[in-house]
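Undergrad: Got chain A sorted already, so can you dock chain B onto it with the hints?
Number of protein chains: 2
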Amino acid sequence: MSCNSHLLLNGIEFEEVTIDFCKRENLSPEYQKINPMQLVPAIEVDGEFKLFESHAILRFLACAFPGVADHWYPADLFERAQIDSVLDWHHSNLRHGTTGLVFNSTVGPLLAGLPPNLEAAAEARKVLLASLPMVESFWLKGDGHFLLGRSQPSIADLILVCEIMQLEVLDEKVRKQILDPYKKIGKWIDDTRNATQPYFDEFHAVLFRAKEKLIKIRSTGSSDETKIK
Amino acid sequence: MSCNSHLLLNGIEFEEVTIDFCKRENLSPEYQKINPMQLVPAIEVDGEFKLFESHAILRFLACAFPGVADHWYPADLFERAQIDSVLDWHHSNLRHGTTGLVFNSTVGPLLAGLPPNLEAAAEARKVLLASLPMVESFWLKGDGHFLLGRSQPSIADLILVCEIMQLEVLDEKVRKQILDPYKKIGKWIDDTRNATQPYFDEFHAVLFRAKEKLIKIRSTGSSDETKIK
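Note that the protein sequences, when read in sequence, are chains A and B.
For the first sequence, the UniProt record's numbering assigns the number 1 to the initial residue and increments by one for each residue that follows.
For the second sequence, the UniProt record's numbering assigns the number 1 to the initial residue and increments by one for each residue that follows.
If we strip away everything but chain A, and leave its shape as in the complex, we get:
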């Protein structure tokens, strides 16, 4: 979602190709030529250059296409390095925690037919709960609306906000318990959403459809999501 938003926000022409994990399209030989790691997102430029890993894609798009505003990934090396620092920190912290919790507690068991992995979900929840205070008190320091106290969003805001948005698919009580203590994070999500409309809502529509589907699934059976501590 962060990649699509970035492309639209900056007027970069592209053709969107949806990869359906439920139909295992990510495992197809055709897609593996683009990303042998079998994950999304990935891009193909001019039918030749292939690139995967969302951070690498956003860095590349910001630098390779004329007209992308400087605030997304500044040319100033000191500012750029700080944005890289957020992005690199994100992998083993906020990303590991969010993805691990969402997949092992919810998406795996309720949408993909996998057995719940409560131990992995609990470990990921710990990482997430240790990461959120660092976002709230360190990365959102200062009076700016965005990460690093900046007045305009960078690719790091797109990446980290889209990550936290994944928590929407959790049981609502669990999600509120996790996120409610963090007022600055709540405001920052709103600020990033406002700065990237209408694309933010457009790309998160998929997520909210999954959320609705999960509410129905939960209403007809039991789920282990609230047991994870």
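I should point out that these hints are in silico values taken from the structure, not numbers from a laboratory.
Computed from a predicted structure; not experimentally measured.
A couple of the hints might just be wrong.
Pairs involving identical chains hold if they fit within one copy or between any two copies, as the list cannot separate such chains.
Calculated pairs, DSS-like style, for lysine-lysine (alpha carbon to alpha carbon, straight line, at most 30 Å) [what the hints assert, rightly or not]:
1. K126 x K227
2. K187 x K229
3. K229 x K126
4. K184 x K141
5. K216 x K141
6. K183 x K50
7. K50 x K216
8. K187 x K126
9. K227 x K184
10. K184 x K50
TA: Just chain B now, with coordinates in the frame of chain A:
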């Protein structure tokens, strides 16, 4: 180690400050002003600019200091994006696997006095065992000596080789069992070592001293390292 090697290889003047984890120096208020995440490495430039996360540091050093050869982090945006892709992939794969296995099976219980976490070590081992074939067959594709089939090393070679070198502290039988199937990886480690001497051996001396210490510790007691499957 990758950061120090890069600084020395490229003639960038610096003062090295060792942070002793056994003495909990990483938790000191003074160090937290440089890296609030309490981890190494971190740099301070001209007493003002502070930066942490090894990938972000190496990108910054390659761009900010004159005289760093282009092959370390090429100015060409397509080449640079591919190096970024390796680095971003590394976080949740090779790095997660190596660090998790080494810490939970060996460094934690045998050096830091923590209880072994065999479940976390086993999960990390799985990630490592899934990552190594991707390095061998995908990232080391082609005839070049280095990642992405390149003829000269990049910052990604420094980072990934230094990561794999951490496996030296494992029980030797376990280490050989993990690494021996990967002949291209073995040659690539040698090539990277040769391309970065004498700094490679100089900075890994600390690791080999830890390895010797662990051999003595294992000879006087039991260890759970070989139980992790």
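Undergrad: Indicate, hint by hint, whether the structure satisfies it.
TA: We went through each hint and held it up to the structure:
1. K126 x K227: Both. Shortest intra-copy (14 Å) and inter-copy (26 Å) distances satisfy the 30 Å Cα cut-off.
2. K187 x K229: within (26 Å within a copy, 45 Å between copies)
3. K229 x K126: Intra 8 Å, inter 24 Å, cutoff 30 Å: intra and inter.
4. K184 x K141: within (9 Å within a copy, 45 Å between copies)
5. K216 x K141: Answer is neither: 39 Å inside a copy and 47 Å across each miss the 30 Å cutoff.
6. K183 x K50: between (39 Å within a copy, 27 Å between copies)
7. K50 x K216: neither (39 Å within a copy, 49 Å between copies)
8. K187 x K126: within (23 Å within a copy, 39 Å between copies)
9. K227 x K184: Only inside one copy: K227 and K184 sit 27 Å apart there, 45 Å across copies, limit 30 Å.
10. K184 x K50: Between. Shortest inter-copy distance 24 Å satisfies the 30 Å Cα cut-off; intra-copy 37 Å does not.
The earlier numbered hints that this structure contradicts are 5, 7.
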